[in-house]
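> One rule links them: number in our numbering = place in the sequence shown (from 1) + 28.
Read the hints as simulated data drawn from the structure, not as lab findings. Quick reminder that beta carbons are idealized off the backbone N, C-alpha and C, glycines included. Treat the hints with care, as some may be off.
[Stated by the list, open to error] Straight-line Cα separation of at most 25 Å, SDA-like style, residue types lysine to any residue; simulated pairs:
id	residue 1	residue 2
1	K915	Q974
2	K1031	V1052
3	K663	G699
4	K98	S749
5	K800	Q833
[As the list claims (entries may be wrong)] Here are the in silico distance ranges between beta carbons for each label pair:
id	residue 1	residue 2	range
6	D799	G734	52 to 58 Å
7	E808	R763	45 to 51 Å
8	R977	E822	46 to 52 Å
9	S944	N742	32 to 38 Å
10	T901	F758	55 to 61 Å
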Amino acid sequence: MVPSSGKKPSTGPYILQELVDDLPLDTPEHQDVTVTSLESWGMNLYVGTSAHEILHLVSIPSTPNPESPKPVYILASRLQPTASASTNGAPFIKQLVVLPTVSKALVLSSTGVLTFYTLPEFSPAFNGTKLKDVSYVGGLDMNEESLPEEARDSKPRLVMVLAKNKIRMIRVGEELRLVKDIPLPNTLTTVRRGSIACVATNQNYTLLDVENIQRIPLFPISAIESEVSSGGESGSSTQSHPPRSSSLTTGRERRNSSATTSREGAGAASHARSVSAGNIGRSPSSSGRGPRRPASYLGQTHLTPDAGNPRPSSPTESADRSASLPPPPPPPKSPTPASRAILNPHVASPNSAEFLLTTGTRPEDPGVGMFVNLDGDVTRGTIQFEKYPEQLIVQGGWVIAVIPGKGLDMQRWDLEDAGAVEEEDKKGSIPLEGDVQLKEVLGLEGTIVAEAGKTLRLVRVPLKPGDRKSDEDSPEDKQRNEEERVIARRISTVQSRVVAFSGRKVYTLLPCPLVVRLDSRLHEFSDKDFDGIIARVHRTIHVLDEVQSIEPDSETSFHEVSFVRQKCGLLVLGELLRITQTQTADITADEIMKVEMALLESALDPRFIISLFGSAFEEDIVEGDGGVWVYGGIKEVFVRLKESKDVSNVFTRDVLLLLKRFLAVWRSKKGFGSVSDEKAVFLTVDAAMLRVLLMLDSPKYLQDKGKTVVQEGNVRTELYSFIDSGVDDFEAAVRILESFERLYVLSILYSRAKQYRNVLDTWRRILEVEDKTGEFKEGELRVKNYLLKMKDPELVEEFGCWLAQRNPTLGIQVFASDEARVKFEPPKVLEVLRSRAPEAVRPYVQYLVIEKKLLQNTQYANELIFLYLDDLTNTLSTDPSASESLKVSYESYRALSSPKPTYHEFIVDNSPASASAPWWHNRMRLLELLGGASGYDVNRVLDSVQPYREVLVPEMVILHGRDSKHAEALRLLTHHLRDFDTAINYCLFGGLSIFQTRNVITKKEEQSELFAILLDEYLKLEDVSERIQQTSQLLEKFGRWLDVTHVLSVIPDEWSIEILGGFLISALRQLVREKAEVRVERALGRSRNLRVEARYVEQCDEIGPVIDMGN
């Protein structure tokens, strides 16, 4: 028997693995000996051969190769049982039945001789007792055989021996006893559940109650035989098939209560195995076996009636018992050779309440398996076989049949909803060539499935280029490898009790491990022409769905499920790594999330996934001393992915988002202590998470934002949150951020690490180079606010000067703001600004003078004034247009007719744009400073302005007023500017700036003096009409501040009385008012004197006279 070419056997529910080879079958007398029967118990293997010998082999540890997946057997003894001399042809061992609970073995020869032996040494038992004309031995109670080993006792076992014309019920224990004989000719095989046995003759099946000796005829083995029998035996069919209601049922009702209880308990068994006795004429047929039991004491060897069961006490009573059975049917008429079909019966029992029987027409035609219960009723649907099977066996939920010319066929019999199960999980086959026989043995040592062991064994994987050291380099690796070898052997060990043999070969039929079965459904990554990328993804997701519903309940299933999840995830990830964003649209969000969840639930080392994303991510991997260990099968996929030319360093946004979510979940496990090699893992996870976030937020991948299959959030916000939460490998994070030129994010990293200098250095780099990402909005303002909160004077001074150089207005606030934590004295600030940021000196001094109002310190006021004055004089001396602009402004203002605004209002309203004439606005600021409340050196300023007195008239007015040269100031206002309103205000408030008052004059005498000067200036105006107009208005409105005598003395005599009418009326009224006021004051004074005198008199009266007696 050899596997045929075609589909891999590992894809089905079962696989074949060689149990033992090079059996010492041949002898000098016999060559080309084959295996004809077999049994295994513990470490013992008993082999029956075509040379009519029994070989006893014992398993020993496999040396020198301890990793061998199969045991090593050595020959312990060779025995040749007795055979009948009258047999035609070469005798062979037909059956081996081992009863470990009573330490006995039964050997059936093809000559019909049944012999008995003791275990384990296989010496003759019961004084060499033999039974002849036996066609089959078995019929052990399947209910007892299916019990756990510890639940069974060592009581004698009831065995059914199928003889020529009867069934002999014998009990094997310390002694051999005959229980009863049941007349039933031509029996070929039987399977028993409690007291009910299903017996097959050469024509049909029958249910037999072995206790009450009643039977129910069932259907024939061959449909052709049934047709022939029904045609020739129509008259006897009623007698040969009694009604079921009067057969076993009646007999069961007569059983005692203990027998009923036994039946019910046996019917509750949920898991049973049995095998048919198919090829009776050429190979052994066996029934199911339970777990082995220790050998018991060997008893008597003579065959005696069983005293523990009812038996005939006399020949008459025995004859009556036999006569109670229905008579066997008469032999049918011989059909023609063309219509006769020889089919071997097959009986199996899938559970404690059912039998499985086969029927058909001819061996080359399809066969049918039918299920009947203990009452003979059909219980469920049939099972179809491509050809009539040569042998049948039930293992759990599987029916395994030997199909001639095809091999092994496996079908599920226990499915309630077959449509909900995948085809691969309902059927299977193992193509084989040659004849094969199946046997369920008592027990085998666990068999190692090498493919599963290789797949599930953890091996070290070098993830970074150049790191290809051997697994055996260090003692730690050697120890780890040995540990993983032991674990792999344990989890790849499969238990089975079914063997297959043909010729000289013996195989174990093993349930295919889940990992092998599902792995065979997954494509290899290198299969480029399989179904196309999308089809491969969908097929892999389908396998993933299968494994997701499996809940691991053992160490083996845990590793199997983890491996399949990992491989499914890797295969889909590999496809996603080489497809375009457009192709990704053919994959659903649910499928991507399934892959992601599979990778997470499988606990695959995240460093392994990260390494698949190209050389850039490989730089982030920290392997640690222990390295990265994965399943061997996963390593194979990894190698193919790394070697594939289709996988590049350019990824879709969807696959990067998948990696981001995967890493985020892993990062949430930080600190739980459940992660091996935690430090290296999270160092790698942090670096890779940062890199993938930066990639997603880069222009290269932002163009696909909004086109992804799985919805995404705000990646930039996630990036900031990631940095704020802290990273384990600070240097790696700096390196990655620098490579992406994400300086602002780098500054966040420095800020969290409290590296303030690096924060400011990074911000300076951003401001000095264009901010491509637009993250550092209002950067200069943020620098200023950051510096205000700092406590390091050195950093504040350095970066405050740098900011003042870039933006003087903001820069000086670092040194001047009351909110600043670091305080600087003004002299110190001026010193550093003059050396590092000269452009910020003037704004700072202006702040001190105007906003801080340091009026008592004329140094700052002088400095500020001279800064502006120097700029103004430099402009006037170098730019003639500036002087011309001032002269034009004077001429334009003088040309205005009254009423007109003040000169101050005029120049404010007609100021040019600051960008076109900055000197003009500097001059406005200078005028405000000159007329302000701060003190300064007037004479020094006047000396500087003097050369430009013709163009700086307002400045000269202010300076003359400061210097108390009021006559000169009023002269300039009246004659040069003709700003009469300002001249009047000047008289009212004293030395007045044309922009703001310095102080308010309260003495009328000083105001009168100024108005007298102004009157003299008005009388000097060249324009007579303007002179008369301004003088008359002055006298009319402010005449009360002027002396009438003085006014009349200076007014030209030729002026008419009408010009002075208003003034004179006002003056006379004032004189009358003053005279009346004097009169009132005098009257009030007299009344006050009278009140005082009256009060004096009253007090004198109260005191009375005082007599001075003198001394």
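> All hints are to be evaluated individually against the structure, with a verdict given for each.
Hints, one by one, checked against the model:
no. : hint                      : verdict
1   : K915 <-> Q974             : holds, 16 Å
2   : K1031 <-> V1052           : violated, 33 Å
3   : K663 <-> G699             : violated, 28 Å
4   : K98 <-> S749              : violated, 57 Å
5   : K800 <-> Q833             : holds, 23 Å
6   : D799 <-> G734: 52 to 58 Å : violated, 24 Å
7   : E808 <-> R763: 45 to 51 Å : violated, 28 Å
8   : R977 <-> E822: 46 to 52 Å : holds, 49 Å
9   : S944 <-> N742: 32 to 38 Å : violated, 45 Å
10  : T901 <-> F758: 55 to 61 Å : holds, 57 Å
Checked against the numbered hints above, the structure breaks hints 2, 3, 4, 6, 7 and 9 and satisfies the rest.
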